[in-house]
Amino acid sequence: MDTTDSPTSALDLDFETRSRLEQHLDAVDEVLRRYQQPRSARAAIVDELENQVLESLAQRIGDRDATLDELTGLLAEMDPPEAYARNSIDLPAESISTGFSFPGEVVESKLNKATLLGLVWWMWLLIALITTLFLINIEVTAKADYRASPRDPLWTSISAIQTGWGIAIFIVVCIPGFIAPFASPILGWVGVSQIRYSRGRQHGLGLAFAQGALLPITGIIAFFGGLIVAPVGWGIHRMFEHHKMWGTRGPDLSEVQWIGASWIFGAIALATLISLIVIWIVVRRMWRKTSQPV
Amino acid sequence: MKNWSAQLRKGLVELAVLAALRDEEAYGYQLLQKLNALPAFGLTESTVYPLLARLTKDKLVKVRVGPSPHGPPRRYYQLTAAGKRHLDEMKTHWKLLTQSLDTLLESASEDS
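Heads up: the protein sequence lines correspond to chains A and B, in order.
Under the working numbering, the first residue of the first sequence carries the number 1, and numbering increases by one thereafter.
Under the working numbering, the first residue of the second sequence carries the number 1001, and numbering increases by one thereafter.
Please note that a few of the clues may not be correct.
Under 10 Å between C-beta atoms, here's a sample of chain A residues computed to sit facing chain B [what the hints assert, rightly or not]:
hint, residue
1, A27
2, V28
3, Q37
4, A41
5, R42
6, L49
7, E50
8, N51
9, G73
10, A76
11, D79
12, Y84
It is worth saying that the hints were derived from the structure and are not from the lab.
Just so it is clear, CB atoms sit at the ideal spot from N, CA and C, and this is done for glycine as well.
Excised from the complex, chain A in its bound form:
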């Protein structure tokens, strides 16, 4: 889109007349806002309307200043602000053509497809995990070395995952399932975006949000947990190393266990507390953003 600076209006309106025009334009904008027209579309429609009013006035009265009566007369000939909704309510075909919905129009809300796919994908991860455990733990008999004695081969017990069919199942079922932690959050955010722009035609915002936020939240827990628990573990390890190196008597085993356990429990509690606070702040901010109409 190419932009050119707006020239100064050649048609001057006194304060009262200008206020009347602004009042009309604001009323149209309010109707459009109520029917969820996006801000950019509202601005374009109101600009078109303002241009039309000023050009019509100029055609009627020439270059002289327009009076309030002349403007009021012109506005009376034009569509009232409620026409931007009313025309469309009376005529449902129009509401479809203008792309936004109106009261009285029955809109069937459907669960967002990206969200549904994300949910199915998480369930697939569960199936993938169960299948993988099954493949690892189930033992099957296989020929150990059939070349040594083809007529009487040695038989051995191997895990199902080492067999051809086991590998095939792993590739087809398990690998796509293991992609879920990456695919589902992406689908969740796609879902959030689509639901926000659907103007009530799609639902499932909470579910889409949960899918989208799950991985970042797991990341926050891992980050703060790791940040606090790891140095504690490293400190305990260093204490043992120190006593071993210098041959000094360290604390008793029971003493070490008590110190270690207290430190670790303390660190975990602190990590959990910080994670919960950060998660609360992040989730609240994200939810507020995603719940806002666009």
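Got chain A sorted already, so can you dock chain B onto it with the hints?
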């Protein structure tokens, strides 16, 4: 009867707007005047401007902003390649529809 006629015209607004922009660009009020110069329409700004906003969003028309002697910058609308394709599809469908209706109406008048 009045409602039927209005419904029909409303359904054709998109086709009319796209057809009016086929050969040359136009700004909103200019387009409205062009459409209202034809006897069959009788469109008002509350129908045409939201439609133009929707067509822009759907990338069927593109906007060039130019100076206006009176108010805010004028928004000149012109068809995009997708808009031209869409218009051609609508035109084909419209021709088929009118041919079929003509056949029906002619056979009805012959019967009577």
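Tested hints:
1. The beta carbon of A27/A comes no nearer than 12 Å to any beta carbon in chain B, farther than 10 Å, and the hint placing it at the interface is violated.
2. Against a cut-off of 10 Å between C-beta atoms, the interface hint on V28/A holds, since the closest Cβ of chain B lies about 8 Å away.
3. Because the smallest distance between the Cβ of Q37/A and any Cβ of chain B comes to about 7 Å, under 10 Å, the interface hint for this residue holds.
4. The interface hint given for A41/A holds, since its Cβ lies 4 Å from the closest Cβ of chain B, which is under the 10 Å cut-off.
5. Hint status for R42/A: holds, given a least beta-carbon distance of 8 Å to chain B, under 10 Å.
6. Annotation: L49/A was flagged as interfacial toward chain B, and the flag holds, the nearest CB pair being 6 Å apart, inside 10 Å.
7. With its C-beta approaching chain B no nearer than about 5 Å, E50/A sits inside the 10 Å limit, and its interface hint holds.
8. At its closest, the beta carbon of N51/A sits 4 Å from a beta carbon of chain B; the interface hint therefore holds under the 10 Å criterion.
9. The beta carbon of G73/A is not positioned within 10 Å of any beta carbon in chain B (closest approach about 16 Å), and the interface hint is therefore violated.
10. Hint on A76/A is violated. Least Cβ distance to chain B is approximately 13 Å, over the 10 Å limit.
11. Because the closest C-beta pair between D79/A and chain B is about 4 Å apart, less than 10 Å, the hint holds.
12. The beta carbon of Y84/A is positioned within 10 Å of a beta carbon in chain B (closest approach about 5 Å), and the interface hint is therefore held.
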